[in-house]
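Asks: Single-letter residue listing:
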Amino acid sequence: EADIYQTPRYLVIGTGKKITLECSQTMGHDKMYWYQQDPGMELHLIHYSYGVNSTEKGDLSSESTVSRIRTEHFPLTLESARPSHTSQYLCASSEAQGAFEQYFGPGTRLTVT
Amino acid sequence: AQKITQTQPGMFVQEKEAVTLDCTYDTSDPSYGLFWYKQPSSGEMIFLIYQGSYDQQNATEGRYSLNFQKARKSANLVISASQLGDSAMYFCAMREKKGGATNKLIFGTGTLLAVQP
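If you're matching them up, the sequences are chains A and Y in order.
For what it's worth, the working numbering labels the leading residue of the first sequence as 1, then goes sequentially.
For what it's worth, the working numbering labels the leading residue of the second sequence as 1001, then goes sequentially.
To be clear, the hints were calculated from the coordinates, so they are not data collected in a lab.
Built from N, CA and C at the ideal position, the CB exists for glycine as well.
Be aware that a few hints might be false.
[What the hints assert, rightly or not] Here are the simulated distance ranges between beta carbons: (1) Y:Phe1012 <-> A:Thr111: 27 to 35 Å; (2) A:Lys18 <-> Y:Val1078: 44 to 52 Å; (3) A:Gly51 <-> Y:Ala1081: 40 to 48 Å; (4) Y:Gln1083 <-> A:Thr20: 37 to 45 Å; (5) Y:Ser1041 <-> A:Ile13: 22 to 30 Å; (6) A:Gly40 <-> Y:Pro1117: 20 to 28 Å; (7) A:Tyr50 <-> Y:Gln1083: 33 to 41 Å; (8) A:Lys18 <-> Y:Lys1016: 47 to 55 Å; (9) A:Gly28 <-> Y:Pro1040: 22 to 30 Å; (10) Y:Thr1005 <-> A:Ile13: 29 to 37 Å; (11) A:Asp59 <-> Y:Gly1062: 27 to 35 Å; (12) A:Lys18 <-> Y:Lys1073: 41 to 49 Å; (13) Y:Ala1081 <-> A:Lys57: 40 to 48 Å; (14) A:Leu60 <-> Y:Ser1031: 22 to 30 Å.
For reference, chain Y alone in the conformation it holds in the complex (with noise of 0.2 Å):
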């Protein structure tokens, strides 16, 4: 069965630091995506990164990178810089496909980040 592991339930870092969220995933599915979210005290979900399974470099968006491993199966989000406006929950997904038409997506549990100024 497909499954996402986040093992860091709450993490801290400086301002202006750069954090690493870490996440590992199993599938046996050879296409995939991986995702994450921000969810910030609001309660909204934002997008941040994705990565194909056949993507060969890792995906960068502004501050955000994803430091992707396919061997280990992990799919780390890194945040350089880091800002007060980054304290929140951070969620990384996995979009499942069976026979190309579900798109659902699995999420782990969480890592709460907060910045310290």
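Looking at chain A on its own, in the form it has when it is part of the complex (with noise of 0.2 Å):
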């Protein structure tokens, strides 16, 4: 079983908040991801990470930024948080070699009011 953590999994906030969603992963994968996805639909990725210094963004733009301070450590910043972030994040981990499964975190629904 997957060991990656997200926190909070739930957060309703007003706009113009700063936040930061946390993903953590215990099993020591180099490779990280952020989706966003909106109720009932597909995921989209947002931002990747390779290893420790190393972010892009993804196929969907997004406000967001994050950071990789630490291989276990991804999390996800929102300047000044809006309606229309409001949406699930799913963080997700993955090896370096073979079938390069990803594994997901819990996810944190988010709305912004």
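Make one complex out of these two single chains by using the hints.
Replies: This is the structure in structure tokens:
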């Protein structure tokens, strides 16, 4: 079973607030990813990282930013939350070799009022 | 461009029966990977099964099997002996490969499966 954690699981916050969504994995995976998913819709990649100090933007444009200072930690930050940021955010990680299946965290459901 | 298509927005199946969830893909890369994930209402994504483009045999994992038809570019998921706990959204995904570095996944729109008692 994969060991990847996200906090908080649910967050309701007002417009203009700064928020950080936490993601940690204990598997030593080099590659980590952030996806955004609206209810009942597909996942869209917004950020990914190949390793420490490596971050790239994904296919879906996002106003969020990420950092990768430690292998196990890949937080996502929104400097000023807006209602359009309301969504589910899923963090994942994968090994650098093999089938590259991605293991997902439980997700953070964000609501911006 | 690489693309995953799932044409069934929703499916019903009777408990203990088998069900097939369709997935077609489009890619010009000869090396790729295909995945199926299950997403229950709680929201987490659960990895089910993987098929590599060079694998000769269809992948199987317990009650899950992947019907891989390379010429048709299809990778259908077959769930045998459906259980009530199988009710969930199911996503087909393809691993993108550009120079062997990215390993990004492209997801389909999903199929909502409802297992009826």
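Asks: Enumerate the violated hints, using their earlier numbering and listing them in ascending order.
Replies: Nothing - there is no hint that the structure violates, so all of them hold.
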